[in-house]
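Counting along the sequence shown from 1, when you hit position 125 you're at 125 in this note's numbering, and nothing is skipped either side.
These aren't lab readings, by the way, just hints derived from the structure by calculation. Where a beta carbon is used, it is the ideal one built from N, C-alpha and C, also for glycine. Any given hint could turn out to be false.
Subject to a maximum C-alpha distance of 30 Å in a straight line, what follows is the list of computed DSSO-like cross-link-like pairs (lysine-lysine) [what the hints assert, rightly or not]:
#, residue 1, residue 2
1, K65, K91
2, K91, K124
3, K162, K132
4, K162, K136
5, K136, K91
6, K132, K65
7, K65, K162
8, K124, K181
9, K124, K136
10, K136, K65
11, K124, K162
12, K181, K65
13, K65, K124
14, K136, K181
Estimated spans, in silico, between C-beta atoms of each pair [unchecked claim]:
#, residue 1, residue 2, range
15, G47, V68, 27 to 37 Å
16, D151, F52, 25 to 35 Å
17, M63, D127, 47 to 57 Å
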Amino acid sequence: MKKLLLFIAVTVLSFTAAQSQEFRLGAKAGLNVASLGGDSYGVGSLGSRTSFHIGGLVEIPLMGKFSVQPELLFSSEGSNWTFTGLDDNLKLDYVRVPVLAKFYIIEGLSAEAGPVFGVLVNAKNDDGDDIKENFKTFDAAFGIGASYRLDMGVFFSLRYNKGLLNVNEDYEEEGISYSYKNQSNVFQVSAGFSF
């Protein structure tokens, strides 16, 4: 009986050690080129806003060439609104949780796709006014992209997050009701390290 328990313990520890070699923790940061798709705000146009994202990730191997990669990111998004020569940046800051399925095409190169959930933590215009009440707290997008990881643990990735939900709340200002339908779309270029 003792030999059986010892054998099971050694087998479980060996399996755990083998699995932990593939389990990776990492950190990443990069550039966002964000925009709001959908309605423009009256007369004018919505352009892109350049900002950043930063956070951490865990890569969990599943089987063969497949793995899952949940992330926790701070992502600064929004848009640039242009109206007759006037510019106004709309800054929307989210805590994002992408949960991506990854498939390794060749060693180091992977394609990734999956849902990207977000919680709005800050919304401001160029004047610094807090306009968070005009936007919904929860957001969801679909992310698709690719990553390349070098042997030393440094990786680079490209991703596009296509917004799925309307980020605007209906609101009233000076007796006028506003109802806009916009989705947060973000192109991301990242660099990071995982071990």
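Numbers of unmet hints, in rising order: 1, 6, 10, 12, 13
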